[in-house]
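Chains as they are written, first to last, in the numbering used here: chain G, 1 to 359; chain V, 1 to 275.
Hints in this document: simulated from the structure, not taken from any laboratory.
It is possible that some hints are incorrect.
Stated by the list, open to error - Ranges between beta-carbon positions, derived for each pair:
hint: 1; chain 1: V; residue 1: Val94; chain 2: G; residue 2: Glu20; range: 39 to 45 Å
hint: 2; chain 1: G; residue 1: Glu74; chain 2: V; residue 2: Val194; range: 34 to 40 Å
hint: 3; chain 1: V; residue 1: Val94; chain 2: G; residue 2: Thr27; range: 24 to 30 Å
hint: 4; chain 1: G; residue 1: Ser309; chain 2: V; residue 2: Gly199; range: 47 to 53 Å
hint: 5; chain 1: V; residue 1: Pro186; chain 2: G; residue 2: Ala232; range: 43 to 49 Å
Backbone N, C-alpha and C fix where the C-beta goes; we use that ideal spot for every residue, glycine too.
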Amino acid sequence: MSTATAPLAEDAATGSATVEFRSLRRTFGTTTALDGLDLAVRPGELLALLGPSGCGKTTALRILAGFETHDSGEVLVDGEDITRIPAHRRDAGMVFQSYSLFPHLTAADNVAFGLRMRGVGKSERLRRAQELLELVGLPQRAAHYPHQMSGGQQQRIALARALALQPRVLLLDEPLSALDAKVRLALREEIRRLQQELGITTLFVTHDQEEALSMADRVAVLRAGRLEQCAAPSELYSRPATAFVAEFVGTMSRVPCSRTAGGGVEVLGRRHPVDGALPADGDLHVLVRPEHVALTPAGDGPALVVAASFLGAVTRLTVRLPDGTEVKSDLPTETAATLPPGSRAALALPDRPVLVDRA
Amino acid sequence: MAQLNPRPRLWRWAVLLPAGLYFLVPMAASVWFSIDDADGISFDAYTGLLSAPGFTDSLVLTLELAAVTVVVLLLLLVPAMIAVRIGAPKLRPVLEVVCTLPLVVPPVALTAGLIGVLRWGPDHLMDTPFFQTFVFVQQPEFPLVLVIAYVLMALPLAHRALDSGLRAVDVRTLVEAARNCGASWPRAVVSAIVPNLRGALLNAAFLTLALVLGEFTTASILGYQPFAVWIYSVGNSRGQMSVAVSVLSLLITWVLLLLLAAAGRERRHQTAATS
Chain G
1 MSTATAPLAE
11 DAATGSATVE
21 FRSLRRTFGT
31 TTALDGLDLA
41 VRPGELLALL
51 GPSGCGKTTA
61 LRILAGFETH
71 DSGEVLVDGE
81 DITRIPAHRR
91 DAGMVFQSYS
101 LFPHLTAADN
111 VAFGLRMRGV
121 GKSERLRRAQ
131 ELLELVGLPQ
141 RAAHYPHQMS
151 GGQQQRIALA
161 RALALQPRVL
171 LLDEPLSALD
181 AKVRLALREE
191 IRRLQQELGI
201 TTLFVTHDQE
211 EALSMADRVA
221 VLRAGRLEQC
231 AAPSELYSRP
241 ATAFVAEFVG
251 TMSRVPCSRT
261 AGGGVEVLGR
271 RHPVDGALPA
281 DGDLHVLVRP
291 EHVALTPAGD
301 GPALVVAASF
311 LGAVTRLTVR
321 LPDGTEVKSD
331 LPTETAATLP
341 PGSRAALALP
351 DRPVLVDRA
Chain V
1 MAQLNPRPRL
11 WRWAVLLPAG
21 LYFLVPMAAS
31 VWFSIDDADG
41 ISFDAYTGLL
51 SAPGFTDSLV
61 LTLELAAVTV
71 VVLLLLLVPA
81 MIAVRIGAPK
91 LRPVLEVVCT
101 LPLVVPPVAL
111 TAGLIGVLRW
121 GPDHLMDTPF
131 FQTFVFVQQP
141 EFPLVLVIAY
151 VLMALPLAHR
161 ALDSGLRAVD
171 VRTLVEAARN
181 CGASWPRAVV
191 SAIVPNLRGA
201 LLNAAFLTLA
211 LVLGEFTTAS
221 ILGYQPFAVW
231 IYSVGNSRGQ
241 MSVAVSVLSL
251 LITWVLLLLL
261 AAAGRERRHQ
271 TAATS
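Excised from the complex, chain G in its bound form (with noise of 0.2 Å):
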């Protein structure tokens, strides 16, 4: 497919421009939805904002498409302010979380259509058109009404009218989150392998981490209106900048512990030196990762195994500790078998600093 689409790749290549957001901020009455976000995108990556419900996410993409107004701070593409540009100038290809597809035109006219606003005449947006239907493998869809595709597809053919007038950028709001898991998995690499082929600069907000990460060149993670952390995906899961990133991402364990003369802190009878900043005051809790969670059979061990989820090559066991402390461990499936809920075993954190927070 790839190697059929790469003359199309080229002709539907767009610029890759760089996107900046700079102290933007917007509120809604009393609701602040941006707080000042900074944040820049680098040429033809993919950048996947992400965050829980009220973060701002899609009110930054919102912004960037026209489709919102700020209060203050600047959008720059290519360096250029956009904020005064109205939506239908802006050169940005958007799909929508909801069903957009104009239900009145077939697949092929709704590729169409921005070409047709454009004043490209019917012979060249009906070429274009299928050529972009052939980009995201629907060809024989030309004809269909929306009504007359699935959930999957329409968001396909939503993703060539946001590609047929050769944006700068390509922003999805959240385009997976109302088709079920298998679609939204096969899509997921479409899009992927589509915005690499082009190299466009894409904004990809989700609340999902798993597609962010598994999508994502970088992941920026906002909350409350403000960027806690811009980093690549690996970056983020292994060395997140603050608590709620590292639990936000992935699945986080907090166990007590209190601190040690050398600026350290002690957990489960064992001294570790702290990743980043020891708060100054207060009772602590170390962050830990089901994965960096080691379990061993032990009659007389302090951890007793409650739960047990399986989760194909892993399963996911919950130990809860004497001062009734829950903590997640991921074995592999054969060794978790010798842990069933009810019996004891001895728990160890791994030998490397570990992310502190207040309790």
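Starting from the structure of chain G, add chain V where the hints point.
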């Protein structure tokens, strides 16, 4: 199926039969009255219509009034309803109440109000350019004042039809998608929303048309003679002809309904064929 559960069919007939009789018996009686003659059956009441004084004029005037009313009403209501949905959703209930208000104002009261304004205007605006406006809207050849009244009367019907059409469309997303594809605001509405409201627009147009064809009170009190008033005046002197005209007006309404529905279907087929 019917053998397994004969009750629904029985109930269906129990409802349909009286309802059918309720509508068909008066119509059949009207048709019979219009063609019954001392010497047998005669279609004189129908054949004499075209030559009856005032028939063509009143029918043409009514159709013209209906056409202008439909255009004015849709031009006012469609942009307003779309704008409220996109820009001020909280105003939707307000718009709904405003559009429903004419339902609780009897045509007589509405007409009395209109008469008051029409009397007040010339007295107070004699020396202003607005005086000519008052004269213009009351010209007998085409009384625009009736259009104003009909637009108000048809507001609840048209609003209901358009509202149900708009509920079926994600207006905001479609407009944003169109704008994202390079369409300006007006073009986004015309290209992405209006085509998806075809059924609702036809419904609104037809309901307005039916209202104008049958409206009697306002036109009569204001002294104009559209179709309904003409039927009434003919009925005073030629009873058989007035019933014949009523039957015909019913048929005209049906024919217009069929034409509008056919136009909607034709448009859909054309869209499918050109894709």
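Hints and how they fare:
1. Val94/V x Glu20/G: 39 to 45 Å: holds (41 Å)
2. Glu74/G x Val194/V: 34 to 40 Å: holds (36 Å)
3. Val94/V x Thr27/G: 24 to 30 Å: holds (25 Å)
4. Ser309/G x Gly199/V: 47 to 53 Å: With a Cβ separation near 51 Å, Ser309/G and Gly199/V satisfy 47 to 53 Å, so the hint holds.
5. Pro186/V x Ala232/G: 43 to 49 Å: Hint holds: Cβ distance 44 Å, inside 43 to 49 Å.
The structure agrees with every numbered hint stated previously.
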